[in-house]
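Residue numbers (our numbering): 573 to 823.
Some clues are possibly wrong.
What the hints assert, rightly or not - No more than 20 Å apart at the CA atoms, straight line, and that leaves these computed lysine to aspartate or glutamate pairs for DMTMM-like:
#1 Lys-689 to Glu-630
#2 Lys-793 to Glu-630
#3 Lys-604 to Asp-720
#4 Lys-689 to Asp-720
#5 Lys-789 to Asp-800
#6 Lys-689 to Asp-597
#7 Lys-789 to Asp-720
#8 Lys-805 to Glu-693
#9 Lys-793 to Asp-695
Claimed, not checked - Label pairs and their computed distance ranges (CB to CB):
#10 Ala-740 to Asn-783: 22 to 28 Å
#11 Pro-609 to Thr-729: 16 to 22 Å
#12 Asn-769 to Ser-669: 37 to 43 Å
#13 Thr-794 to Phe-616: 52 to 58 Å
#14 Leu-723 to Ala-817: 40 to 46 Å
#15 Asp-758 to Leu-621: 36 to 42 Å
#16 Pro-687 to Pro-609: 31 to 37 Å
Think of the hints as simulated: they come from the structure by calculation, not from any bench.
Glycine is no exception: its CB is placed at the ideal position from the N, C-alpha and C atoms.
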Amino acid sequence: MRRPLQVILLVLSGLGLLQSALFTDMCLRYVKPGMRPLLIVSGFVLLVLGVAEAVAREGRTGPGGHGAAQEGHDSHHGHDHAAVPRVAWLLLLPALSLLFYAPPALGAYTASRQPAKVVAEQDSFAPLPRSSPLPITLTDFTTRVQQDRSLAIRARTVQMSGLVTPAASGGSWYLTRIIISCCAADAQSVKVRIYSNGMPPANTWVSVTGNWHPGGKLGTKTAPVALDAQTVKKIQRPANGYQDALPFPSA
Numbered sequence: 573m574r575r576p577l578q579v580i581l582l583v584l585s586g587l588g589l590l591q592s593a594l595f596t597d598m599c600l601r602y603v604k605p606g607m608r609p610l611l612i613v614s615g616f617v618l619l620v621l622g623v624a625e626a627v628a629r630e631g632r633t634g635p636g637g638h639g640a641a642q643e644g645h646d647s648h649h650g651h652d653h654a655a656v657p658r659v660a661w662l663l664l665l666p667a668l669s670l671l672f673y674a675p676p677a678l679g680a681y682t683a684s685r686q687p688a689k690v691v692a693e694q695d696s697f698a699p700l701p702r703s704s705p706l707p708i709t710l711t712d713f714t715t716r717v718q719q720d721r722s723l724a725i726r727a728r729t730v731q732m733s734g735l736v737t738p739a740a741s742g743g744s745w746y747l748t749r750i751i752i753s754c755c756a757a758d759a760q761s762v763k764v765r766i767y768s769n770g771m772p773p774a775n776t777w778v779s780v781t782g783n784w785h786p787g788g789k790l791g792t793k794t795a796p797v798a799l800d801a802q803t804v805k806k807i808q809r810p811a812n813g814y815q816d817a818l819p820f821p822s823a
C-alpha cells in the first residue's frame with residue numbers, strides 16, 4: 573500500500589463531511605447546529621488536500637519525475653519509504669460510512685441508560701402564561717415541580733414533546749429530550765415520567781398533554797417529575813432534536 577491510499581482517505585473524508593453537513597442535515601444527529609460551518613470548512617480542506625496530494629504525486633511520477641526511480645531503488649534495498657501500514661486500510665471504513673451509511677440519531681437506548689440531567693437551582697419564578705394547555709419544556713416542568721414554592725404548576729394542563737423511552741417498571745414510560753452541548757459524546761437526558769393507558773413504541777416522537785402526577789410535596793425534591801397524560805399524539809422528529817425546546821405542531 574502506497575501514497576494513493578492517503579489521497580483516497582483525504583478525498584473520501586472530505587466528501588463525507590460535505591455530504592453530512594452541506595448537502596443534508598445528517599450532521600445534526602451528532603453535533604449541535606453551531607458546529608455545522610466548521611464541518612463544512614473541514615470537508616473542503618480535506619478535499620483540497622487530497623486533490624493537491626494527487627496532483628503532486630502525478631508530478632513526481634510523471635515523465636521526467638524521479639518518484640519511480642527512487643521507489644525502485646528503495647525496494648531493491650528491502651524497504652519502501654512510500655509504504656504505509658496495512659492497518660491503514662481500516663481507516664477507509666469510517667470514511668466510507670460518512671458517504672454510504674448514516675448511524676442513527678441518539679434515542680431511547682441512550683436515554684434509558686442515563687440518569688436524568690440535573691437541572692439548575694432557581695430562586696424565583698415568573699408567573700406562568702394563562703394559555704391552556706401550557707406549552708412547556710421538560711426542563712422548565714422539572715424545575716417548576718421541584719423548586720417553585722408557589723405551586724403554580726399544580727392545577728395546570730401542560731403540553732410537552734419528546735421521544736418515548738421505556739421505563740424499568742411497567743405502567744409508565746418516559747418522555748425524553750436528549751441535549752448535547754457540543755456533540756453526541758457529551759449527550760445528557762432530561763426526562764418526565766408519563767402515566768397513560770398505553771406506551772407508544774420506543775423512539776417515537778410524541779406530544780403529550782396532561783397534569784402533574786401528585787406525590788411527595790410539590791415545590792420540593794420529593795415531588796415526582798411525572799405527568800398524568802390526557803392525550804398522546806405522534807409527531808415528526810425535528811431536524812435538530814438535541815435540544816429541550818417547546819412543543820411543535822403535531823403531524
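Verification of the supplied hints:
| no. | hint | in the structure |
| --- | --- | --- |
| 1 | Lys-689 to Glu-630 | 54 Å, violated |
| 2 | Lys-793 to Glu-630 | 68 Å, violated |
| 3 | Lys-604 to Asp-720 | 30 Å, violated |
| 4 | Lys-689 to Asp-720 | 18 Å, holds |
| 5 | Lys-789 to Asp-800 | 17 Å, holds |
| 6 | Lys-689 to Asp-597 | 26 Å, violated |
| 7 | Lys-789 to Asp-720 | 11 Å, holds |
| 8 | Lys-805 to Glu-693 | 31 Å, violated |
| 9 | Lys-793 to Asp-695 | 14 Å, holds |
| 10 | Ala-740 to Asn-783: 22 to 28 Å | 24 Å, holds |
| 11 | Pro-609 to Thr-729: 16 to 22 Å | 41 Å, violated |
| 12 | Asn-769 to Ser-669: 37 to 43 Å | 41 Å, holds |
| 13 | Thr-794 to Phe-616: 52 to 58 Å | 54 Å, holds |
| 14 | Leu-723 to Ala-817: 40 to 46 Å | 25 Å, violated |
| 15 | Asp-758 to Leu-621: 36 to 42 Å | 29 Å, violated |
| 16 | Pro-687 to Pro-609: 31 to 37 Å | 33 Å, holds |
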